[in-house]
Each structure stands twice: as structure tokens, then as C-alpha cells.
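Take these sequences, add in the hints, and give me the full structure.
Just so we're aligned, residue 1 is where the sequence shown starts under UniProt numbering, counting upward by one.
Mixed in with the good hints there might be a few duds.
Capping the alpha-carbon separation at 27 angstroms, the derived lysine-lysine pairs in DSSO-like fashion look like this [stated by the list, open to error]:
no., residue 1, residue 2
1, 284, 161
2, 137, 65
3, 161, 285
4, 157, 65
Don't read these hints as lab results, they were simulated from the structure.
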Amino acid sequence: MKLRYKILLGLLVVLLVGPFLIPVNSSGTLTKEAAAEEVWGSQSQFVELAGQEVHYVTAGSPASKRLIVLLHGFGASAFSYKDVLEPLGEIGYVIAYDRTAFGFTERPTTWTGTNPYGLDGQLVLLDELVTEFGANKEVIILGHSAGGNVAASYAEKHPEKVQQLILYAPAVGLAGAGNSIGWIFDIPQINHLGPLLVSTIATSGLDLLYESYVDDSQITDEVIAGYTAPLKVNGWEKAFWLFNKAPRSNNVGERISNLTMPTLVITGDQDTVVATEASVEVSKKIPGAALVIIPQTGHLPNEEKPEEFANSVIEFIQGVGR
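Written out as C-alpha cells, the structure reads:
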């Protein structure tokens with residue numbers, strides 16, 4: 001009996017202490033600045049917002065009376081908009097930024113106050129960006145997929161600051177760690193190993209990219225390099241773990257009909273990531289919303305058919321108020 005208890009005690013010690021003996025190191029070796037330069041060169045810029053150095057790129061003139069803010073989706077970055085920046089820059093000042101945990105924006109590991117990885121933190125950052133760059137401008141917010149959830153939530157919270165809203169394959173209502181199981185992520189052993197658990201994004205992220213295209217022959221080496229470059233940043237795994245732990249839903253999808261600003265919903269006709277039908281339903285719930293379905297595209301029409309995507313956005317923006 002004593003031997004049995006000793007064995008059980010030994011197993012318990014292994015379970016409690018063992019995880020902490022596993023080294024958790026980042027596969028990334030570059031600074032955010034160095035990794036960003038590989039992708040964007042001199043176009044890469046940083047600005048401090050919400051206590052973070054936020055990476056962004058621009059197009060168009062800062063003197064324009066329009067500010068067009070582009071929010072990318074899950075696992076992406078401003079790189080996703082590279083082919084539509086210049087066309088949109090012809091009608092306004094365009095800013096595409098990397099959301100916290102993605103791209104080349106700073107990845108904080110400690111903070112006071114609002115969690116920068118949660119939805120509330122993302123809204124604070126977006127509001128500071130609009131304040132920084134949108135003074136005396138008409139503000140248009142465009143959000144893709146999970147970025148659409150942020151865009152819709154911001155428009156709901158600050159309707160007076162958003163003159164036009166564009167929801168592009170919007171994943172409204174997506175949650176982070178739910179209250180029912182979120183506590184599991186805070187178990188010290190799991191929290192320690194978390195960055196290792198999410199490091200599979202290096203491969204599964206590319207799987208999602210291929211699922212997002214109808215014509216995956218367009219996924220060139222340049223595209224793959226652009227999507228994987230953020231994984232070269234030291235500490236990306238820890239940040240991605242913190243992002244997945246954070247609460248990121250306020251159920252805005254249930255209140256989407258409360259949005260009153262002119263709104264455009266865009267989707268690909270073969271989107272299997274955020275089903276085309278789901279985007280169509282969102283458009284029906286928003287009073288007066290316009291809907292554009294881009295043929296022969298999946299979850300990323302801005303990459304598969306950038307000209308059609310940009311033209312749809314430009315036509316909507318310029319048509320509002322006529």
C-alpha cells in the first residue's frame with residue numbers, strides 16, 4: 001500500500017511539475033522591425049497607440065478628407081490588402097494596420113488595465129487610430145472576417161465616428177475563450193505550455209489560406225512569404241496564445257440591425273470559411289445595407305480579384321450621399 005501511494009505521489013509530482021521543465025522558446029529570431037522590412041521595405045511604419053507600437057502601411061494623401069481604415073482577419077496582416085491599397089488610395093487616405101498578435105505590431109506580454117488581445121483592447125486601439133489620423137475626415141471602416149467583428153463592434157460603440165462601414169465576409173459574433181472553459185487556459189501548467197500548443201499555426205495557417213482561395217494557383221511564393229513573415233518575429237507564439245485566451249466577442253451579430261450608417265457587405269460566391277450565405281444574412285439584417293457578391297472567389301476576393309474588390313468598395317464609397 002505504501003508503495004502504491006509513493007507511485008501515485010510521484011505521478012502527481014510529474015503532472016504538476018513536469019510541464020514547467022519543458023522549455024518553451026520562440027521559433028522567431030527577428031525583431032518586428034526587421035521582419036516588417038523584409039515584406040514592406042520603406043513602406044513599413046510604426047505608431048504608438050494604446051501603449052503598443054502598431055505597424056501600418058498607407059496609401060493616398062494624408063490631406064484627403066477621407067480616412068479608410070482596413071482591418072485584416074484571423075491569421076493575416078496588412079499584407080492581405082497589398083493589391084488594393086493603391087486603388088483605394090486614389091479616393092482617400094488609406095491605413096492598413098496589423099491587429100495585436102498579428103503581423104508586426106508589438107506583442108505585449110504584460111499590461112495594466114484592458115487586455116490588448118481582447119475585443120475591448122482592440123476597440124481601444126482602433127479608436128486611438130481613428131483619433132490620431134481621422135481628425136476632420138470622413139471615416140470609413142472596412143473589416144474582413146474576424147476584423148469585421150471588430151469593425152462592426154466599433155461602429156456600434158462609436159456610431160458618430162464612423163460615416164461608412166464595410167463588412168467583408170464578416171465573422172460577427174466569434175468568441176475567444178468562453179467563460180465556461182476559459183479557466184482551463186489559466187491553469188499554470190497549461191498556461192506555460194500554451195505557446196507550444198498554438199505553434200501549429202505555422203502550418204494550419206497555410207491550410208486556412210488555401211481553403212480561402214478558389215484558384216489556389218494564385219498562392220505564389222510571394223504570398224506564402226508575406227503570410228509567414230510574422231512567424232519570424234521573436235515571441236509570436238506567446239502572443240498568439242494570449243490572443244486565443246482573450247475574450248473577443250460581445251455578440252454584436254445579435255445587434256447588427258442596430259447599425260445605422262451606410263453599410264456595404266462583401267463576400268465571395270464560394271466562401272467556405274465564412275459561408276457566403278452567412279454574409280448575405282448579415283446584409284439583410286442591416287437596414288439599407290448594400291451587398292456585393294464577387295464571383296469565382298472564396299474568403300479572399302481582395303487577393304483573388306483585387307480589381308473587382310477595389311472597384312466595389314470605391315463605387316460604394318463614392319456613391320453614398322449622391
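Pair hint outcome, residue 137 versus residue 65 [Cα-Cα no greater than 27 angstroms] | Holds, because 5 angstroms separates the two Cα atoms, which is no more than 27 angstroms.
27 angstroms Cα cutoff - pair residue 284, residue 161 | The hint holds at about 23 angstroms.
Given pair status - residue 65, residue 157, alpha carbons within 27 angstroms = holds, 23 angstroms
For the pair supplied as a hint, residue 161 and residue 285, is the alpha-carbon distance within the 27 angstroms limit?
-> Roughly 21 angstroms between the alpha carbons, so the hint for residue 161 and residue 285 holds.
Violation of the numbered hints given earlier is absent; every hint is satisfied by the structure.
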